[in-house]
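If you want the building blocks of each chain, they are given just below.
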Amino acid sequence: AAGVIQSPRHLIKEKRETATLKCYPIPRHDTVYWYQQGPGQDPQFLISFYEKMQSDKGSIPDRFSAQQFSDYHSELNMSSLELGDSALYFCASSTGTGGHNEQFFGPGTRLTVL
Amino acid sequence: GENVEQHPSTLSVQEGDSAVIKCTYSDSASNYFPWYKQELGKGPQLIIDIRSNVGEKKDQRIAVTLNKTAKHFSLHITETQPEDSAVYFCAALDYGGSQGNLIFGKGTKLSVKP
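Residue numbers (the numbering used here), protein chains in the order written: chain H, 171 to 284; chain R, 273 to 386.
Treat the hints as calculated values from the structure; they're not laboratory data.
One thing to keep in mind: the hints can contain errors.
What the hints assert, rightly or not - Here are the simulated BS3-like cross-link-like pairs (lysine-lysine), alpha carbons at most 30 Å apart as the crow flies:
1) H:K185 - R:K343
2) R:K343 - H:K227
3) R:K330 - R:K340
Starting from the given sequences, assemble the full structure and let the hints guide the process.
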């Protein structure tokens with residue numbers, strides 16, 4: 171079965187640079203969620219989109235922005251990167267409204283900020 | 273908003289023994305509780321979930337129980353195998369926003385010794 175695809179899988183950036191992470195949800199899934207996971211930590215919700223509109227917002231810094239496109243893929247844009255942004259970034263997708271359905275996670279993008 | 277606590281943080285069992293991980297949540301409005309297994313360097317994998325209209329759900333060697341009154345839920349793994357070794361996260365759906373997002377516990381590192 172098709173899973174959530176994330177690219178790139180690994181990314182190394184310098185401080186103050188920008189990064190763009192991409193997420194391709196499971197086919198026919200209309201909701202995308204972004205989570206950040208620091209070393210040894212639990213995933214923290216950043217932002218979500220349903221039918222190409224922002225749905226919920228969590229602890230996403232103002233330096234980050236995201237959107238969902240007409241083909242339902244999503245991109246997380248990160249600017250003015252800081253050392254503390256080094257983490258695993260996961261995208262999850264689900265189908266249906268109200269968050270009742272299961273969220274399936276992608277393999278993640280490991281971002282390292284030097 | 274929702275808060276999820278998870279215990280223990282580490283758990284070591286002998287192959288063939290049972291493992292139990294417990295979580296509590298704070299928001300009585302939450303009605304969906306998934307469990308994820310995360311192996312090193314991989315994304316969280318949904319292994320079982322439970323909704324508030326049932327008290328127990330079982331899938332082969334894993335089961336989840338939910339006590340809505342006490343606001344706690346537990347994961348039970350029987351006949352553990354070395355490949356069960358991973359970090360397990362419980363989560364609760366937070367309906368603070370429109371679609372809901374997952375609030376995770378801090379995770380339990382399970383080690384199954386052969």
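To see whether the hints hold, each was checked on the structure:
For the proposed pair K185 of chain H and K343 of chain R, the alpha carbon gap of about 43 Å is over 30 Å, so the pair is violated. Using a Cα cut-off of 30 Å, the hinted pair K343 of chain R and K227 of chain H holds, with the two alpha carbons roughly 25 Å apart. Note on K330 of chain R and K340 of chain R: the hinted pairing holds, with a Cα-Cα distance of about 18 Å set against a maximum of 30 Å.
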